[in-house]
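Residue numbers (our numbering), protein chains in the order written: chain G, 1 to 190; chain S, 1 to 150; chain P, 1 to 378.
In short, the hints are calculated from the structure, not lab data.
The beta carbon of each residue, even a glycine, is placed where N, CA and C say it ideally should be.
Take these hints with a grain of salt, some might be off.
Unchecked claim - Examples of chain G residues toward chain P, derived with CB under 10 Å: (1) 161; (2) 163; (3) 165; (4) 179.
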Amino acid sequence: MLRTVFRASGAVFFSIDRKNKICLNDSFSGGAVHKTCNEDLMASISDVLKKSTIFNSLEEIDFQRIIPLFEQRELHTGDILSTAGNRAQYFFILESGALLLAMEDGKSVVLETPGDFIAMELLSDRGRYKTTMTVLEDGMVFGIHRLAFLELIQEDTLGAAAIMQAWQGYLDQTAPFAKNIADIDVPAIF
Amino acid sequence: MYGIEAITANNGWAISAVGITIVFSGLVLLSFVIAQLHKGLDLYENPQKIKGWFSLKKKPVKESDNSLETEGILLVLTEEQKEIAKQFALLVSTLEDHFSLPRLLELARISGVKNFHSNLNILLKSDILFPDKEGFFCWDQDLYIETISH
Amino acid sequence: MDTLFLEFFQNTGFYLCDYRNIIMIVIGLVFIYLGISKDYEPLLLVPIGFGMLMGNIPIFKGLGLGIYESNSVLHYLYFGVTQGIYPPLVFLGIGAMTDFSTLLARPILMLLGAAAQTGIFITFLGALALGFLPNEAASIGIIGGADGPTAIFLTAKLAPHLIGPIAVAAYSYMALVPVIQPPIMRLLTSRKERLIRMEEPREVSKREKMIFPIVAFLLCCFLAPAALPLLGMLCFGNVLKEAVVTERLAVTARTSIIDIATILLGVTVGASTQGDVFLTSKSVGIFILGAVSFCIATACGVLFAKFMNLFLKSKINPLLGAAGVSAVPDSARVVQIVGQQEDPTNFLLMHAMAPNVSGVIGSAIAAGVLWSLMAKAM
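So that you can see chain G by itself, here it is in the shape it has in the complex (with noise of 0.2 Å):
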């Protein structure tokens, strides 16, 4: 009892297998990919994931370490940065622009703001985009490998917890259509 009540007061940062740091060689949907290796483009992630309210309440350490798993895109306008039915690789969070995320039943929703996280529900559903996402303004995104990012989540760690529960109320309030209710039987295991 005391061993793991100690535990789980110190535990706050997340463990990241060195193997999942993404090194570009597979660039997403055939965009500009830029590699993360300058500072400019650290300080930019870093920025917008602090202006996101799914990942701002984590701790600088946390930062520092999944901040290198994200690489830039430019978007442009008329863009198709995922299409429903391919192999779900990326997720991605928005910079700047505005992406039209169309799902199945022809709904959809428009995400304009910086530090907005297309992804889980709102992308993907057991390894397949189930979401056609196309850019309606110039703008750039910051891409994470899928894996990397599930990976992540599923960390025993105050971080991990911190972002899930960050995404559901965001969900709440962006999407709460595309939400994993209880009552549909199938689950999307993303």
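Fit chains S and P to the supplied structure of chain G, relying on the hints for placement.
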């Protein structure tokens, strides 16, 4: 002595029943008190709310959840954009009150609307197109008329 | 000279040893191995394991060495167990490190902690049925509360001769929570139920967190005064934590005090498990009933959550009922893991902490109730 006989002889049934009842009652009472605690503290910190109970109820104003502003600030469209907005208005008239935005986008593409992505975005920013929170979108005819007449 | 050597040899452990000492020493070594090598509750198993080694060194009685000899050092240290001093000190530390905000955000989850304590009373009946005396049965039943200090506290009051097996059973099963609970949780819930997402909890103010331990203490101790030593210290520790001005005392409570109490509690409980006391048919019965108690407590928590869902608009994931077993935070973690096996993005840990900590309060109340009922009966 073993079995049910032993339980009965040692008053086991009564002890268990009383014990479970007391534990449950204690925690039920505690949970009820805690559930009211934050309301009581809120009243203590905001005593004007008590006065509010006795005044006439006002219908709360719906907050705009849009970054683009509200009263009197309309997005100014160019003539070309106004023309395109009219094309969108025509397309919307063929759809239901709550329509699919991707469907509208597709119709715009098929109909040859110029720069349909950016122009759709402009209509969204101006709140002429707005979400219904159920995954569909609506068209604000009054705002559209006001916008194109400026 | 030969006589001297012979006399000396007859006083050594090698001569005085019997098979029961060997068995207990092996068990002690296993505990130490599990604690150090496998990281199973090391803060408990290592002191208990080493205490078992100390308590089972064959000694010549009368020299004031054994824990049951009135003039021995171990006996003086054991005083803290028999007089119920160490468990309240442990609870002081636990209160000083526990955050009750998840409980305050959704108080209804407290009832899951209450439901899980039903296992204590059902096991009490089972122990009576197996021929244990009422005070022994109460001490065995409290194992189902999954709270080591509470189990030791109550046993010290009601059945001190059973402290050894009950403490060993309680801590062993607490370490085995990740093994015992999941099959029961899966058996009693459907897939659809396990996928239920919990509503986001509300923000809890600092003031609420400060007032709660005082209100909880007054309410629970007025209802069950015998819970005073444990609940009083738990709530006091929490007050020290939440009232920032006493942060220094809170730090001492959750570090030095709890560590000292844990060391002395563990080593003396371990030393009390001497072969002739521990290796009896009663101990076997205690171990079996302890396992049953855990299982029933888990089942009761889960089933009560399902029952509550019949009346609630905003459903509770019934897996949270298993967290009512107050092995903090292991059972909450088990709920998280089982929930994520169905849906990797369903985060139940924070929600599960609410019934988990309410289970601590519930088991302390249950111990108080049993003590007062048994004291009247004795």
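Margin query: Hint compliance check: list the failing hint numbers for this structure, sorted ascending.
Written below: none
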